[in-house]
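Student: These are the residues of each chain, in order.
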Amino acid sequence: MQGHLPPGIELIKVDDFQEWLVDLRVLDSNPLYENEIYRLKFTFGKNYPIESPEVVFVKDATHPIPWHPHIYSNGIICLDLLDNAGWSPVHNVESIAVSLQSMLTGNSKRERPPGDENFVKYNTQRPKDINFLFHDNSV
Amino acid sequence: MSSTPQSDDRRSRASSRADALPLSTPPLPVSTGPAVVFDSSDFVRRKSLRTQAPVDIRLLEYVPKCDSNLVCLICQCPFDIPTMLACDHVFCRECLDHAFRAQDHRSKRCPTCRTHVDPKKEPIPVPRILLSMLEDLMVKCPNTKAGCTWLNKRDGVQNHVDLYCGFSTVECPAGDCRFSVLQKDFHKGCLHYTVSCELCYTSIMKKDLEEHQRTVCAQRMIKCPHCEVEMLRLDLKVHIKDVCQFAPTACPGAIVGCGHTCDRRFVPAHAKTCSMATMAPFFQAQKTRLDDQEAAQKLLQRKVDILEGGFTNISNIVYPTNSSDDSSFPVTNPLDPNAAEPLPETPDFRLPPASFPPPAASTNNPPPPPFDISTHHLLSLHESLREEVGRIANDLASLEGRTHLLILNENQRAKEEMLHTSAAINSLRTQVHWLLSARLQQGRASASGGASASAGGSGSASVPAGSSLGSASLGPLRRLSDSTRQDTKL
Numbered sequence: 001m002q003g004h005l006p007p008g009i010e011l012i013k014v015d016d017f018q019e020w021l022v023d024l025r026v027l028d029s030n031p032l033y034e035n036e037i038y039r040l041k042f043t044f045g046k047n048y049p050i051e052s053p054e055v056v057f058v059k060d061a062t063h064p065i066p067w068h069p070h071i072y073s074n075g076i077i078c079l080d081l082l083d084n085a086g087w088s089p090v091h092n093v094e095s096i097a098v099s100l101q102s103m104l105t106g107n108s109k110r111e112r113p114p115g116d117e118n119f120v121k122y123n124t125q126r127p128k129d130i131n132f133l134f135h136d137n138s139v
Numbered sequence: 140m141s142s143t144p145q146s147d148d149r150r151s152r153a154s155s156r157a158d159a160l161p162l163s164t165p166p167l168p169v170s171t172g173p174a175v176v177f178d179s180s181d182f183v184r185r186k187s188l189r190t191q192a193p194v195d196i197r198l199l200e201y202v203p204k205c206d207s208n209l210v211c212l213i214c215q216c217p218f219d220i221p222t223m224l225a226c227d228h229v230f231c232r233e234c235l236d237h238a239f240r241a242q243d244h245r246s247k248r249c250p251t252c253r254t255h256v257d258p259k260k261e262p263i264p265v266p267r268i269l270l271s272m273l274e275d276l277m278v279k280c281p282n283t284k285a286g287c288t289w290l291n292k293r294d295g296v297q298n299h300v301d302l303y304c305g306f307s308t309v310e311c312p313a314g315d316c317r318f319s320v321l322q323k324d325f326h327k328g329c330l331h332y333t334v335s336c337e338l339c340y341t342s343i344m345k346k347d348l349e350e351h352q353r354t355v356c357a358q359r360m361i362k363c364p365h366c367e368v369e370m371l372r373l374d375l376k377v378h379i380k381d382v383c384q385f386a387p388t389a390c391p392g393a394i395v396g397c398g399h400t401c402d403r404r405f406v407p408a409h410a411k412t413c414s415m416a417t418m419a420p421f422f423q424a425q426k427t428r429l430d431d432q433e434a435a436q437k438l439l440q441r442k443v444d445i446l447e448g449g450f451t452n453i454s455n456i457v458y459p460t461n462s463s464d465d466s467s468f469p470v471t472n473p474l475d476p477n478a479a480e481p482l483p484e485t486p487d488f489r490l491p492p493a494s495f496p497p498p499a500a501s502t503n504n505p506p507p508p509p510f511d512i513s514t515h516h517l518l519s520l521h522e523s524l525r526e527e528v529g530r531i532a533n534d535l536a537s538l539e540g541r542t543h544l545l546i547l548n549e550n551q552r553a554k555e556e557m558l559h560t561s562a563a564i565n566s567l568r569t570q571v572h573w574l575l576s577a578r579l580q581q582g583r584a585s586a587s588g589g590a591s592a593s594a595g596g597s598g599s600a601s602v603p604a605g606s607s608l609g610s611a612s613l614g615p616l617r618r619l620s621d622s623t624r625q626d627t628k629l
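In the order they appear, the protein sequences are chains A and B. 1 is the number of the first residue of the first sequence in the working numbering; add one for each residue after it. 140 is the number of the first residue of the second sequence in the working numbering; add one for each residue after it.
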């Protein structure tokens, strides 16, 4: 992460090298995300940056989960960048945050992925172990 | 390269590839500036064995911060061994290996642009300019935290840590000790034995004792008995001796004899009135000069002793008979008119011992002449000896020349005779050969005559026979004459 961060991205908790919290804002006037701040949780494995970190949105009183057809209501993100197949070691926290920012910016649908309710109810796997099928190339 | 937690995170990960201890690296101290400092230990090469692992150049602190173009995107540190792919993306070799290992076996892709990598052709050589830019990066010594002030080009850091850095840990000089010491304490010998702090009676290793008494020990502080200021016990002696204003101090004129003693703060006032204190610096200067002179004189004395010893030895060699007497030195002066026997001319140098009778032989001998005269005598003897040696050397040279000529002449004659003899032998040999070949020819002629008679009219057989005959009649002769000619030449 070089020097200062791009606008809309703010480091919240960077105490150790295991778990970071980053706040994310969508900058343009997208009515879906206006005036909301989302909180991302990065969990770094032992092999970072060779392996991807685990990245999810966390929900609390002030930080909702953003609406997006690839973001489940429990905060799990379906993005090829975060899967080992799509990951590249040249990525870092900043580049992931910027990717998610642009992913939200480009969205206009107020919806959850299909089967969200079931997934949220029955999923016990870690986000990284879920086999997502990356089908949507528009994001 | 920034010092945000992100980069530190990656840095520590890069360091702990083998043992996953991401927090093990201490935060490096803030850089003080780009001033290059060489401490004297830079030039003291060590002989001790180092115990540290090789320097990981990704953990070094770069001064000033490294250009972001020279940073590996994977580990976020300036390139360790840089490696370039065909798509012009550069990574540390180790980082790229790690990245490839995580990828599919069959298709490797560039971590940055995901271009397919051909393992047979890639990685391609890195431009020379990149390597030199990396070598020229300025880094701090990895032992900076321990106190090393080294700051220099990156390619010299391993050398510095291995050979010159006083803060590298090395094996303890004691062979059976398995601890390590800092290089700068190496000469102090093994400090890995337990001592007890004389203040608080804690058992502690000798090497940690001073540190303990400076920072840890509960009893380390003490009040100066004179000025009541609290300070470290270790510094008390120096304080009382040189600093404390209330400590009783002798007048600077004490070396001359002033017996006055008062508090240090009153000493300058006293020194103004004390005449001895005024004179003290001059006396001091005189004393140092005297000491210098004495040292020089001692040196000279030793030189004289050595020379005299050499002199005695020479005289023993020159007068071997005298050495058996009680006096090893011929004190009789040959130039002295009162000497019992006049000195005969010495045509040959075997005579001198006989020409100098021992001083006891002459009854009316005057007391031994002063040293100067005998020195003169010896010197003149030396001169004549030298002339003699020169003459003999000349004779030897001329003799050698003459012998040389003689031998040459003799040689010449012998050589000529040898030549004559060999010529005669050769002529004899030619004759014998000629005779032999003539005999052979005769024999073959009779044989071929018989053969052609038996072969009858077959032309095909007679033609080769005739040709071989012709060549045989010429061949041997020519060959023989050739060989004889060669012999003569030899």
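Simulated from the structure, these hints should not be mistaken for laboratory data. All C-beta atoms in this analysis are idealised placements derived from N, C-alpha and C, irrespective of residue type, glycine included. A portion of the hints provided could be inaccurate.
[To be verified] Under 7 Å between C-beta atoms, here's a sample of chain B residues computed to sit facing chain A:
(1) L212
(2) I213
(3) T251
(4) P387
(5) A389
[Said to hold, decoys possible] Chain B is nowhere near these chain A residues, computed Cβ spacing over 12 Å in every case:
(6) P49
(7) P66
(8) S73
(9) V90
(10) N118
Student: If a hint holds in the structure, say so; if it doesn't, say that too.
Tutor: Hints, one by one, checked against the model:
no.	hint	verdict
1	L212	holds (4 Å)
2	I213	holds (4 Å)
3	T251	holds (5 Å)
4	P387	violated (58 Å)
5	A389	violated (62 Å)
6	P49	violated (6 Å)
7	P66	holds (24 Å)
8	S73	holds (30 Å)
9	V90	violated (4 Å)
10	N118	holds (32 Å)
The structure is inconsistent with the numbered hints 4, 5, 6 and 9, although it conforms to all the rest.
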